[in-house]
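Colleague: For chain A, the structure is supplied; the task is to place chain B with the ligand on it using the hints.
Chains A and B supply the protein sequences, listed in that same order. Following this note's numbering, the numbering of the first sequence begins with 240 at its first residue and continues without gaps. Following this note's numbering, the numbering of the second sequence begins with 3 at its first residue and continues without gaps.
What the hints contain is simulated information worked out from the structure, not anything from laboratory work. Hints are supplied without guarantee of correctness; some may be wrong.
In silico lysine to aspartate or glutamate, EDC-like type, Cα no more than 20 Å apart, as pairs [what the hints assert, rightly or not]:
#1 B/Lys89 with B/Glu74
#2 B/Lys89 with A/Glu265
#3 B/Lys159 with A/Asp254
#4 B/Lys69 with B/Glu113
#5 B/Lys159 with A/Glu265
#6 A/Lys285 with A/Asp302
#7 B/Lys159 with B/Asp169
#8 A/Lys285 with A/Glu303
#9 B/Lys87 with B/Asp119
Examples of chain A residues lying across from chain B (beta carbon under 7 Å, computed) [claimed, not checked]:
#10 Ser320
#11 Ile324
#12 Arg341
#13 Val346
#14 Leu348
Here's a subset of chain A near chain B, in silico, CB distances under 8 Å, partners left out [what the hints assert, rightly or not]:
#15 Phe321
#16 Gly329
#17 Gln330
#18 Thr334
#19 Ala349
Even for Gly, the Cβ is constructed at its ideal location relative to N, Cα and C.
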Amino acid sequence: MYGMAHRALRQMMVDRLGPAVWARIERETSTGPADLISLCVYDDSKTLALISASATHLGLPVDEALRDFGRYWVRYAELSSFGPIMDFTGQDLVTFINNLDRMHRSVVLAMPDARVPSFTLLDETDGRLLVRYRSDRTGLETFVIGLLEGLMDRLGEAGEVGVASREGNAIDFAIRLDRN
Amino acid sequence: MKAAVTLRESQLGALFRAFIEVDHNLVVRTAGPFFASRQTEVVPGVQLAELFSLRHDREDNKTYSPKRVIGEMADTPERLELFCKSKNIRLAGIVFSIEGGFLLALNIVPEDFIIEDQGLTISDFSQIDSSVPALTLIGMQRALLAEARQAAIDLAKAQADAVELLDRTERIGRYIVHDLTNYLSIIRLNVANLARSGGSAETSRSAIEAATRHVSDLVISLERLTGHRDVEVQPIAVDHTIRANLAFLEASLPPDFTLNFIGSVPQAAVRVGRTELIIMLTNVIVDARGAMADGGAITITTFRSAHGPAVRLGERGEWVVIKIIHDGPGIDPAAVPNLHDPEPVIWPDSPDFVLRAVQTWARAAGGDARVTSMPGAGTDICIHLPICNDAEVPDHAAASIVGLAPPRTGAMARVLVVEDEIHALDAIVEILRMEGYAATPASNAAQALEALAAAEFDILLTDVIMPETSGVDLAHAVEARHPRIGIVLMSGYFPDESLLQPHWRMLRKPLDLSLLMQTLAAAHAAQAPVRSA
Ligand code: HEM
Numbered sequence: 240m241y242g243m244a245h246r247a248l249r250q251m252m253v254d255r256l257g258p259a260v261w262a263r264i265e266r267e268t269s270t271g272p273a274d275l276i277s278l279c280v281y282d283d284s285k286t287l288a289l290i291s292a293s294a295t296h297l298g299l300p301v302d303e304a305l306r307d308f309g310r311y312w313v314r315y316a317e318l319s320s321f322g323p324i325m326d327f328t329g330q331d332l333v334t335f336i337n338n339l340d341r342m343h344r345s346v347v348l349a350m351p352d353a354r355v356p357s358f359t360l361l362d363e364t365d366g367r368l369l370v371r372y373r374s375d376r377t378g379l380e381t382f383v384i385g386l387l388e389g390l391m392d393r394l395g396e397a398g399e400v401g402v403a404s405r406e407g408n409a410i411d412f413a414i415r416l417d418r419n
Numbered sequence: 003m004k005a006a007v008t009l010r011e012s013q014l015g016a017l018f019r020a021f022i023e024v025d026h027n028l029v030v031r032t033a034g035p036f037f038a039s040r041q042t043e044v045v046p047g048v049q050l051a052e053l054f055s056l057r058h059d060r061e062d063n064k065t066y067s068p069k070r071v072i073g074e075m076a077d078t079p080e081r082l083e084l085f086c087k088s089k090n091i092r093l094a095g096i097v098f099s100i101e102g103g104f105l106l107a108l109n110i111v112p113e114d115f116i117i118e119d120q121g122l123t124i125s126d127f128s129q130i131d132s133s134v135p136a137l138t139l140i141g142m143q144r145a146l147l148a149e150a151r152q153a154a155i156d157l158a159k160a161q162a163d164a165v166e167l168l169d170r171t172e173r174i175g176r177y178i179v180h181d182l183t184n185y186l187s188i189i190r191l192n193v194a195n196l197a198r199s200g201g202s203a204e205t206s207r208s209a210i211e212a213a214t215r216h217v218s219d220l221v222i223s224l225e226r227l228t229g230h231r232d233v234e235v236q237p238i239a240v241d242h243t244i245r246a247n248l249a250f251l252e253a254s255l256p257p258d259f260t261l262n263f264i265g266s267v268p269q270a271a272v273r274v275g276r277t278e279l280i281i282m283l284t285n286v287i288v289d290a291r292g293a294m295a296d297g298g299a300i301t302i303t304t305f306r307s308a309h310g311p312a313v314r315l316g317e318r319g320e321w322v323v324i325k326i327i328h329d330g331p332g333i334d335p336a337a338v339p340n341l342h343d344p345e346p347v348i349w350p351d352s353p354d355f356v357l358r359a360v361q362t363w364a365r366a367a368g369g370d371a372r373v374t375s376m377p378g379a380g381t382d383i384c385i386h387l388p389i390c391n392d393a394e395v396p397d398h399a400a401a402s403i404v405g406l407a408p409p410r411t412g413a414m415a416r417v418l419v420v421e422d423e424i425h426a427l428d429a430i431v432e433i434l435r436m437e438g439y440a441a442t443p444a445s446n447a448a449q450a451l452e453a454l455a456a457a458e459f460d461i462l463l464t465d466v467i468m469p470e471t472s473g474v475d476l477a478h479a480v481e482a483r484h485p486r487i488g489i490v491l492m493s494g495y496f497p498d499e500s501l502l503q504p505h506w507r508m509l510r511k512p513l514d515l516s517l518l519m520q521t522l523a524a525a526h527a528a529q530a531p532v533r534s535a
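Isolated chain B, as found in the complex:
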């Protein structure tokens, strides 16, 4: 056949990178740049059928001799495909008859369009072969998938790191709170000692007092920071919770204060953290104490209301109102409107700092907190919390005004004092002895158990957080062996209530001396002749 167009060999190679010229017996005469650029077996003199198997577009499934097939395909548009017998390479194209043989005008067909490990490069494809962009783009797509996967792994790791960091911060924060509380106890108790020994060192006394106040503030903010927060918020009975923690709340007040509680919602439950509720009330009480230079009375009341707070106008439901009233001079009224400013700048020493925190908390729980100041006459703080109806609330005794047992002297009660902080232990033991108690020190649970094996005690007064065995575990162990002993726990924390026995007494650290005496006296007085454990 006469060629209509004459191709130069270089152009032939540019168009058909894997062309092969064979004679009529299919012996290779020349091969294109794809073969020339690498070591292949496609060299002149080799029989084509030894290197490749053959496929063409006929559908009759019969095997034909390559010679016959190629001869028949010559100068038709039929597609010829050759498979390399030794490598995973496929060639495709059409057949021309040329002088003395055939021109197989072939290009490479990439296997599954994967470029990995095929040993192919861009120049194996003709300039117009769309395999190049296809292969490149598929390669990019794979790279992006790998990148997305890596990004997801990085993200998960970052999240895990963040959680771990938070955990660590929280743990460290708790240690700090614990240590600070201990130091605070030491200071307090020594202040009391100083006062007892004649009241001469008045300057150091007030200096220590000031330090106590600062550390106290620090502890409160750290507590807030480390979030003694219940993760899963179960409904809690408001009255019961407040009543169960009244001694705790009372411990944040000096002796010239009285704290009263009038609860009238024995059945109402709200969905807030138990600890949070107590911390918020403590904050409010501590704040009130600051405003009441000469002592006074703080009263907490609870009642039901069908009216929500102003910010929840129109929301249906029932509300528990917790009202804290004190007869101090009232907070600066100028600070009150500030509470209605949606995004105020808050400084820890601004007068509304604590109230703001209470408000944020109450709003997050679906309620609100509001302050009414009556300058000169006092302040009242109303916390609205939505009642949750789906909760089952245990039926507790009717509301009552709870006071503490009147103070009594030691009357030679035998107290085993367990405290891992040695200075605090010394101070407590010394004070108890001065108050007429027979106090025995132990600096850990093991020592305490030894002492108990050797002698009898009326009261176990133990710190809660101690290395190895906690005060709570110790109390359980002691009570199992000595059911008559009175148990008093001291902690800067508010321990998990489920771990405590209802008849145990709790003292909040830093210890308030008069409350310590009252509590020990009450524990001694209440000692049941026989308590079934």
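Just chain A, same shape as in the assembly:
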């Protein structure tokens, strides 16, 4: 995955456990500044190693750490210099999800090795969204749940995200919104 993910993870770990723990994770995984360039694409094994090491230090199973990371990532993207791109993608949940593919497609024009997922809004009723996520990666289900939770938070929604179904390389997520 791209370096922006590594940077976000670093920030999350520094926020939670302090710079010394991150320094240890860097040592454990032989990570250096060259692995933290936002738009460089690194082998997924690097990202996975960083996430598992972080999970160990957080005392969490990897899946849970991934979900936390997903939530954190949205906040990070917003607060980092990527904030304007987040704003450009959408100011409400439905618009954001509808525009996510166009944003990703634009971003990767400059990153030929990146493999971006696809998000499609399959159904929208007042209190429920059904979102299809397609990717050639596996194992990121809880990460995506965290991302969607983070997005809801950012865009002023409350509710719950769950998996509605899985098929092939697609996962359908059901978002139940608390709108009174």
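Modeller: For chain B with the ligand alone, kept in the frame of chain A given last:
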């Protein structure tokens, strides 16, 4: 005009997100999804000219009524631009005539291609509008610039942290060296006390001796670690430097050793740190002492050579050779070839540890160090250093063999002893009294000055590193008021020579008792009747 293609309104909106349909009077009839998706004033019934000003591609600078312009542009490829009067929004497109009015097929033109604070989202642009990738990529580029800037700041901070850490380590290291040296003095002096009181406690004596040796080794490695190193390397005169520090070097040898110096390069200068040179020589001497169980003679000679060391074969220039010869049994010859191994594993207790350090240092200075061992007969160590010709070297007296003045007794000389470490102070005062000196203790500079105001002294014997006022500052102050007093400084360090007066005497800590006595005797004997300060 009859439409060749019929567009559904949803398709129209997909292609031209900001389309506006107006009647012939330019009153808005419908507006595209860009306006519909947000609260705007572009609603049916509003006069277009109230909301927008207008520009088109004609170059005659005349103002035309919007009605006339739009009418003329209809169904031509001419570009129409509308500027929103209340917001920073620009629309561009072409005009079609439709039944009862005009279709302004417009899209948003992003202002300066900046996405910040424009309130635009991707869906404000049609699927085929290349503004989206352009805006996104420009946004990415800005983000990367910010990231690069942050990375540079982080790097600078990391560098500053590293330097600070190094400083701190060095400072702490120096304190440790200082403290250890003090303890070492205490041990040494007490060993001497023990010996004097009848020699009964022989076991404790040898135990303390062993501890002394270990601490001594520790101090040497700490000194190396904390790098008493001159930052800017100025050329130094080899002979002069060695001669000026001979007492220092001698202090690292017990009394059953003699140290001789034969210097024959009074004019030659080399570009190495003054302190480094002395530390390296001290290391070699201490190392030699270890190999000479029964004492002996160590001789340092210097000479010029037109031949460089083997590793500098073919390099032109002139060389100073510093040769240290001792008549000990010679180091283990097996250790010598090890010195030619380019990347050996070095352990502090391996026989070539010190020699290796000297070699590394000499090579870094553009020279080399070589050891020749003659088992049973001794060892000689040759240090080659390139002569630097651009240096101006003061003309010093010709080379001579320097020995120390013969020991003399105290003869009631009055010594003011200044030492902040209370146990060391007690021990020194006690020993001096036993040796027949009239010793007065002071544990800091202020006390010393008080004592001097109250009584007369022949010699000031002071520690160098003390809190508040250093021994060097004290010595300057004392000498200004009492120009006849003899000054002897004691330090585990090699203080900055520029701060010292040439006639002052230096003793290296841990103190060597016999050298202390010799030095005090010499200072007393040399007391000039009147010295012009
Ligand atoms: C400024 C914001 C964003 C940028 C620049 C960005 C860019 C990217 C890039 C370049 C990748 C490909 C990584 C690779 O293959 O190495 C990626 C992957 C991904 N993005 Fe984003 N993204 C952003 C925001 C989001 C948001 C808000 C979501 C929320 C749903 C999201 C969901 C994902 C997911 C799930 C992947 C994983 C790829 C996979 O499943 O194969 N991204 N993103």
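Colleague: Need the list of violated hint numbers for this structure, in ascending order.
Modeller: Hint check: 1, 2 and 4 fail, others pass.
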